[in-house]
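Novice: Read off the chains here:
Protein chains: 4
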Amino acid sequence: MMGHGIVLGDNQYGKAENRIVRIVRDTPRHEIRDLTVSTCLRGDFAAAHIEGDQSAVLPTDTQKQTAYAYAKTALDGPIERYALALARHFAADVAPVRQARVEVAEHAWQRASDHAWVRAGTQTRTAAVTADADGRAWIVGGCRDLVLFKSTGSSFAGFLTDEYTVLEPADDRVLCTSLVGRWRFATDDSTVDYDAVWAAVGAALVETFAELDSKALQQTLFHMGSAALEACPQLVEVRLSAPNIHHFAYDLARFGIANAGEVFRVDDRPYGLIQAAVRREDAPDPGLAWAAFG
Amino acid sequence: MMGHGIVLGDNQYGKAENRIVRIVRDTPRHEIRDLTVSTCLRGDFAAAHIEGDQSAVLPTDTQKQTAYAYAKTALDGPIERYALALARHFAADVAPVRQARVEVAEHAWQRASDHAWVRAGTQTRTAAVTADADGRAWIVGGCRDLVLFKSTGSSFAGFLTDEYTVLEPADDRVLCTSLVGRWRFATDDSTVDYDAVWAAVGAALVETFAELDSKALQQTLFHMGSAALEACPQLVEVRLSAPNIHHFAYDLARFGIANAGEVFRVDDRPYGLIQAAVRREDAPDPGLAWAAFG
Amino acid sequence: MMGHGIVLGDNQYGKAENRIVRIVRDTPRHEIRDLTVSTCLRGDFAAAHIEGDQSAVLPTDTQKQTAYAYAKTALDGPIERYALALARHFAADVAPVRQARVEVAEHAWQRASDHAWVRAGTQTRTAAVTADADGRAWIVGGCRDLVLFKSTGSSFAGFLTDEYTVLEPADDRVLCTSLVGRWRFATDDSTVDYDAVWAAVGAALVETFAELDSKALQQTLFHMGSAALEACPQLVEVRLSAPNIHHFAYDLARFGIANAGEVFRVDDRPYGLIQAAVRREDAPDPGLAWAAFG
Amino acid sequence: MMGHGIVLGDNQYGKAENRIVRIVRDTPRHEIRDLTVSTCLRGDFAAAHIEGDQSAVLPTDTQKQTAYAYAKTALDGPIERYALALARHFAADVAPVRQARVEVAEHAWQRASDHAWVRAGTQTRTAAVTADADGRAWIVGGCRDLVLFKSTGSSFAGFLTDEYTVLEPADDRVLCTSLVGRWRFATDDSTVDYDAVWAAVGAALVETFAELDSKALQQTLFHMGSAALEACPQLVEVRLSAPNIHHFAYDLARFGIANAGEVFRVDDRPYGLIQAAVRREDAPDPGLAWAAFG
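Residue numbers (the working numbering), protein chains in the order written: chain A, 1 to 294; chain B, 1001 to 1294; chain C, 2001 to 2294; chain D, 3001 to 3294.
Hints are computed from structural coordinates only; laboratory data are not their basis.
Just so you know, not all the hints are guaranteed correct.
To spell it out: a stretch of chain D is covered by chain A in this simulated footprint if at least three of its residues, at any positions, have a beta carbon under 8 Å from a beta carbon of chain A; those stretches are [claimed, not checked]:
1) 3006 to 3016
2) 3023 to 3035
3) 3051 to 3059
4) 3071 to 3079
5) 3164 to 3170
6) 3229 to 3240
Backbone N, C-alpha and C fix where the C-beta goes; we use that ideal spot for every residue, glycine too.
Work out the full structure: start from the sequences and follow the hints.
Specialist: In structure tokens, the structure reads:
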């Protein structure tokens, strides 16, 4: 494609982090939807890269306009369905596009009146949908900033040691994480009750974190993911990424003060980072579900 | 104090942002307290600055140790009381210290089990207490990251115009802010029910924001502060700092789509910044309540 | 002003963080100016707060428009002069305004060609100018994110101890800070060579930090400020705010590895926070130089 | 592996963002190395996840200790070599580990004296090395926060349009990005002059950005990557991720002020996001070079 044996490899482009608020005001009791939307297109864009020929390139500005337009016309349900509609539009209606990926984060609000709200929680609901020009689609739901803490029922012992190991085993420690979760749906059937899945996964994650007597964050994650899959037959895989936010018991004995797991210092960095996928044995191929620019 | 007529002016020093978690585990139903604590001392530290003589300087490391120790011994109640105890200790027990200021932020958690929690909300409770070596103290409660949104009941019209004014009046707009509030207590009487004041101020702020038919964010703030003072006789002043997080109705008419206050673009920057204090006419002098290094 | 003896206290309003880029393209060798500009007005705005009457309120949107207009008409010199022009405009030309404050941050770029640049450094130049309706003005220059590090020539010993002191004296430690500096000009005479002052203060701060054999960060700050005042007769006061970014020697002896001040762990939080002002004995009253909403 | 046909999928774990400073003080002219290091291990850790059996798990704390130890023993050259040594240690010396990945960011400092520095630039040098238990390794160099701006020599026209396209073609626009670049080395031969490659790639990227008459950011990226490959025979692929940081010409005509590409508003979000890989036609398979938890 060019002299010197140099060629274009993977590529994609889009508009990232459109901040969109949608108010439903059909009745005096308004509803609010608060989204951050990113779009991304893939296809044969070699001419744009090599010669600067834009004739196949739908501008990122147009992608933005479309995301706003669809917030009016296609956001009467869960974000999975909005993302699917938007991704399918790009993949089906824009000729050069072979694949379109739409990522949405929905920020939570708690109602204060018929038309007022207080921002709720740090937890954010996410969706990532990829559609291709052949009519296929891959749907992923998720959460981020789900911060969990337990004050007992967690240990870490019996681990491998080497010449750099100084950590003491802990038979009762604090466990804290800020979870990023993503769950892959079995099909692109858009009649799935995505809100019910969101609620069921959230409940399974929190309940398992709280109740499992943890021998490691790895074990906790595996069983959180398993519980989510067991609760939701619509899902085939759950991927969890979990920083281990370290809490260190503070040495108060120097001041004659007992500290039986009561006072902790919290460190920002470094943090353990534990990542695990849990899936059904017979899960279909992920296709483009996780696709990103690696 | 030095050649050339150059002298030391205002100065203070301390340890900022100690991250402290305190678990109360006296019964199987644990309690969690999650604090960020900053301490700061003032006094005659001229020798430390000019000659490097540290004999009057209590290290910031010691301030940190003390904050952790007091998390065990003096955190069985609201953060106002913990901050007061810590500030009084520095001001009374460390000879060179003339004034000590302690600022605390408490992060919210929602219970998931007897010993597990999910991080709750973006709203953070704050306290700032200054004590002096003469036994006086000034107590300030507060909040930050209280994000409020209303979808109607807000206008902005009839404003002053000049040659640079292009803004159109709005008779029904969206209003959104992320509030920082601070409220000054009348006295340093530590028997005040600080938790009750926190709840009452919060309710007054949210309710007034939601219900007042707003002609400007200035008006909303004044009446929010007034409502808080009316609800809490223990308070004499409320200071509010409120970014106007702009939401712009998106132009969908270009695409043949009606947008009657339904779809908005949210901008990060710039933002309006409205700041106002509301106080009782007979409020005592603020003394060191607001004191900071300007 | 209202029932129940509740009155409006301090108040101000403006538009914060306008992101403005100005290209000078009079010749093929372009120049870039990259600013973040905040404006803020004070005056008698009681009616706006209490009754919602906006007739004296110049919208924050208008302030924004004006900041952009002045980026074309009044930004042919240093930011101090741009801020002064803008502040004087608001204070002199907008009747209800009694005081106007303009804060500017200028982001640094390094030239790569006649019309291309690479973002340079983390250090940002700042200016804050307050003007009043009586024609007076107070001018402050400054810097932020000036990150300094020294690997020797710093100690901390002979400090005050109490029952919570466990820190060991250090006779040779690492010192690191991220400096915020502000320097007050003697007059509002706008013919001052602000660029020369900026360069001279920066050189004095860095050179003193590097060369002073430091017995504490307090001492370092005092002598940095003194050096800046000695270098610049145009200045009457320097205020410095300096986090002590802690570096802890890492215990490698456990692994049979010597560590003679070679390998350090850096902590994000907590950090010491040392703040000091240095001024001329005969400095005029600061007036509104440091004015902010405390 | 578990009832219900649920199995463990991809997984990895490590310690993220160790903040390490290394001072070389063999002579009075010290050297500083300032790193953020993340490690990550992969292997058969099913027992840890499913049953909580930690016997094959080297703690993340041990990984941290090792990163610090190697900062003394293996950081006498470029970060690529340090990362390679550390990754090879984990993959070769810790039995259960099949693959180890080490990511390093090096923060830049500018010398102010023999033992003092000022933090330099926003640009950060990166390296990511993956080693496996069979002795193979994949080496990637990179940069991030390389912020580039050009005031002319950039256009965007002739693009595809649809019913949502309202963007006007631009024949002379501002172009600004904050580049993340990663470049893959042909081999794991650690005698490569990594510092020379870093300098050559940086020069190629900046020079091409500055000089290419750009018809789109896509074209600019492709030719930046090509130039880097042409300058460095040691490299086989360059991956670039580039936000298009939008600058909008400000409408000053409303105020009777001409604005011929002189005053711009900068938006934080949304931003275009353009990502492209450029590689040699005969590049070897990337293997684990880009491996991450997707």
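Novice: Okay, which hints does this one fail, numbers in order?
Specialist: 2 and 4
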